[in-house]
Amino acid sequence: MAKQSIQVKVNGTEREATVEPRLLLVHFIRDVLRLTGTHVGCDTTNCGACTVLLDGRAVKSCTMFAVQADGRELMTIEGVALDGQLHPLQEGFKEEHGLQCGFCTPGMIMTSYALLGKNPKPSEEEIRWGISGNLCRCTGYQNIVKAVQYAAAKMAK
Amino acid sequence: MIHKTSSEVGGMGHSVKRKEDLRFIQGRGNYVDDVQLPNMVYGQVVRSPYAHARIKGINTEAATKLKGVLAVITGQDLEKAGLSWMPTLFHDKQMVLATGKVLFQAQEVAFVVAEDRYTAADAAELIEVEYEELPVLVDPHHATDPDAPIIREDRDEKSNHIFHWEVGDKQATDKAINDAPVKIKLSTAFQRCHPAPLETCGCVADFNPATGRLTVWETSQAPHAHRTLFALVAGLSENDIRIISPDIGGGFGNKVPIYPGYVCAVVASITLKRPVKWIETRSENLQSTGFARDYHMTAEIGADRDGKVKALRVGTLADHGAFNAAAQPSKFPAGLFSICTGSYDFQASFCEVDGVYTNKAPGGIAYRCSFRVTEAAYLIERAMDALADELGMDAAELRLKNFIPSDRFPYKSPLGFTYDSGDYKAAMNLALEQAGYKDLLKEQADKRKKGELMGIGISSFTEIVGAGPAHTYDIAGLKMFDSCEIRVHPTGKATARLGTKSQGQGHETTFAQIIAQELGIPVAGITVEEGDTDTAPYGLGTYASRSTPVAGAATAVAARKIRDKAKKIAAHLMEVSEEDLEWEPGKFYVKGAADKAKTIQEIAFAAYTDLPPGLEPGLEAVDYYDPPNLTFPFGTYICVVDIDKGTGEVKVRRFIAVDDCGNIINPMIVEGQIHGGLTEGLGIAFMQEIGYDESGNVQGGTFMDYLVPTAVETPHWETGKTCTPSPHHPLGAKGVGESPNVGSPAAFVNAVVDALSHLGVRNIDMPVTPWKIWRLLKEKGQAG
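Line by line, the protein sequences are chains A and B. So the first sequence is numbered by our numbering: it starts at 526 and just counts up by one. So the second sequence is numbered by our numbering: it starts at 22 and just counts up by one.
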């Protein structure tokens with residue numbers, strides 16, 4: 526298959542690569558860009574461990590091709606902290622014990638980032654529905670809800 | 022009584038924020054698939070589409086010719102190296118790559134290695150395997166039928182029966198049940214399910230031909246045991262093998278066994294002299310790696326009319342799939358299943374288990390529990406509800422009447438365990454109070470009058486965790502001790518290494534807290550490392566809630582050894598005798614003169630700079646801890662459900678979990694573990710099942726049909742605790758990570774059955790799906 530050249534702005538930096546058209550976005554992020562904070566937990570778009578922001582929208586990068594990101598802006602977990610300062614969501618996950626094994630955490634944070642962008646003051650139910658496309662096998666979600674609430678409160682200040 | 026340290030020190034009882042979190046929240050974790058080595062290539066397993074078929078031939082030509090393909094390995098190739106079979110962790114063997122025939126769907130048939138993931142997947146598609154289908158055995162109840170196909174032709178014994186195991190006094194139990202005025206019999210199954218950690222299994226095998234060393238980054242809950250087994254099976258020199266378990270994305274028992282993919286990656290790396298990465302897909306994980314449960318159980322209880330239980334008889338059929346790959350640390354074929362008398366004072370009991378082969382994936386493993394305790398807890402807690410129903414007695418009252426009294430500990434159970442400590446009544450009473458049990462009963466009665474379905478389910482479980490002791494517990498012969506090595510550096514900071522391996526449990530924080538408690542060194546100045554067999558002392562790993570009971574004890578004992586030496590140095594520094602010194606976390610002071618003291622930091626510096634004559638330098642200790650007994654955490658869970666008559670849908674309205682795990686290291690982490698375990702219990706009770714059709718096709722092979730709970734189905738958990746320390750653990754701790762998964766399934770199912778009990782329903786097998794409930798309601802003419 527003829528390779529295609531793509532240009533993607535990743536965490537604020539322009540990146541160029543020549544990729545097979547069938548290359549999944551998540552493999553582009555992990556294997557080509559070597560940003561390994563984005564994880565793969567399933568092959569069926571159920572688990573959300575691969576969630577990243579594409580032009581500000583949360584997408585599951587295991588179900589998109591890298592070529593579909595051409596000319597667009599990508600944000601991964603590695604781009605969430607600014608100037609060494611943790612984002613309130615990252616802080617919230619730590620303070621509220623919203624993670625255990627950490628494997629779902631980057632995807633959870635990216636989904637919550639998009640959620641708070643749309644709805645800065647979500648109710649508990651809205652948070653639960655908002656993260657329902659992301660699976661966590663460790664925490665039982667209760668402390669993830671608290672982590673998102675922590676961030677919402679902090680960002681409102 | 023444990024001395025409470027300052028929050029800066031952060032010893033036992035402090036909710037210290039986790040040290041490991043900073044890397045995870047910034048995408049800086051290091052999981053196996055994150056490992057990238059120069060020259061690395063990728064492996065892909067070719068799997069069987071059939072559950073039982075003879076292999077007539079494997080054509081690898083087209084795959085081999087594909088550009089970028091480096092090797093294709095088949096069972097015949099491994100046979101030449103004596104590696105086509107490997108031992109399982111429980112007295113059986115398992116094919117690495119199939120030779121002769123395949124025994125379950127998704128069985129490993131060939132291994133393809135290519136320059137990248139995509140080429141490896143392309144090449145796997147090009148492997149042509151010719152199969153001749155054979156009759157398939159799916160139902161374990163037919164495994165020993167005369168016309169059942171023999172699955173394991175490799176065995177001398179031409180039968181699908183693996184083992185018969187029994188424990189207890191059959192005669193006394195039969196008599197007590199025969200003579201009892203009230204008897205119940207409950208037949209139920211604990212379905213085959215899968216732990217499904219969010220990270221699948223995988224490895225990077227790197228054989229360096231220049232040094233002769235093999236390094237394997239592996240998703241392993243037991244890296245040292247894996248190293249020893251690699252050495253024994255492959256004939257490699259153990260010092261030349263280094264297993265590294267980096268960050269692990271959840272284990273829950275799934276990452277205890279050695280899987281064929283690991284072995285193939287190692288063989289490929291040795292053959293190609295290049296690093297080989299193999300990472301499972303989710304489907305491969307669910308279809309081929311260690312399943313759990315698949316126990317088909319019957320319980321009979323004999324009791325007095327007033328509800329006092331007399332005897333328990335249990336019979337069980339265990340489906341092990343194609344190979345008995347039980348990953349379990351006991352000598353008993355059914356593990357710790359004989360804990361099935363639970364929290365109740367039975368005078369007599371008898372338990373027997375028969376294991377069989379079927380054409381299903383091999384196992385089982387202990388999914389977030391000690392081996393088979395979840396099945397046992399489920400059975401007894403369901404059976405107690407059946408008895409309550411038979412007697413027309415309240416389920417809480419029946420339990421309170423039959424609990425082992427708190428003054429009877431240590432308690433010898435009729436099936437041979439010695440429970441260390443317990444106060445079941447206290448946990449039950451707290452749970453009833455937190456739930457507002459009386460009001461709930463009243464509400465339920467009112468709702469029934471209106472035709473609404475509400476259920477209250479109770480489970481008062483006893484857990485059994487922390488294997489050893491070494492005299493009874495081993496895995497592949499390796500005794501179930503565990504270890505900790507602590508090095509206190511000259512500046513008073515410390516590094517500790519353990520034989521366990523965290524997969525999310527927070528060991529980097531909690532083990533640091535134990536050292537902080539014992540030595541007074543602040544948690545911030547203690548680094549905990551695990552998972553590298555080159556550096557950590559030998560240990561058996563993390564599963565069966567054994568880290569705190571065994572490695573946690575080793576940590577405390579190692580720290581106390583350091584304290585003993587520190588005392589000698591302190592006496593020397595203050596020019597007093599050791600007998601004149603008192604300890605409080607962080608310093609030795611002179612009795613009656615508290616201002617005359619030396620801090621642990623001053624002592625640490627002196628250990629390298631100013632020693633008493635004759636004392637060797639340094640401040641380090643290692644301890645290998647063999648526990649005198651297991652520990653027995655317990656609790657009472659109460660679940661409240663509402664059922665929609667129109668759809669059969671169950672809403673878990675409330676769930677109250679009172680746990681007792683003895684003394685607590687980090688309350689925040691304990692609470693988090695309980696939330697997580699309850700959520701897995703919810704999934705098992707209502708959703709998770711690895712089913713098979715009659716041809717042996719897996720019905721739960723992706724997250725689209727193997728359902729696990731999302732944030733929406735998961736209720737808000739209400740927790741509470743009582744504290745009954747373990748008398749034999751150096752810290753009085755017991756272990757807790759698995760209690761909620763062990764205790765909760767019965768609470769969920771008891772609640773659903775309770776909601777339907779007035780309709781004559783006494784059992785519904787898990788997973789309790791809306792479809793099953795709706796069908797039952799329809800049968801009873803109650804569907805809305």
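Keep in mind the hints are simulated off the structure, nothing from the lab. Honestly, I wouldn't trust all of these hints.
Claimed, not checked - Straight-line Cα separation of at most 30 Å, DSSO-like style, residue types lysine-lysine; simulated pairs:
(1) A:Lys671 to B:Lys38
(2) B:Lys40 to A:Lys682
(3) B:Lys38 to B:Lys191
Owing to the predicted nature of the structure, the values given are computational and were not obtained by experimental measurement.
Each hint tested on the structure:
Proximity of A:Lys671 to B:Lys38 is assessed by CA-CA distance (about 15 Å); at most 30 Å being required, the pair is judged to hold. With a CA separation close to 27 Å, the supplied pair B:Lys40 and A:Lys682 stays within the 30 Å bound. Distance hint between B:Lys38 and B:Lys191 is unfulfilled; the C-alpha atoms sit about 51 Å from each other, more than 30 Å.
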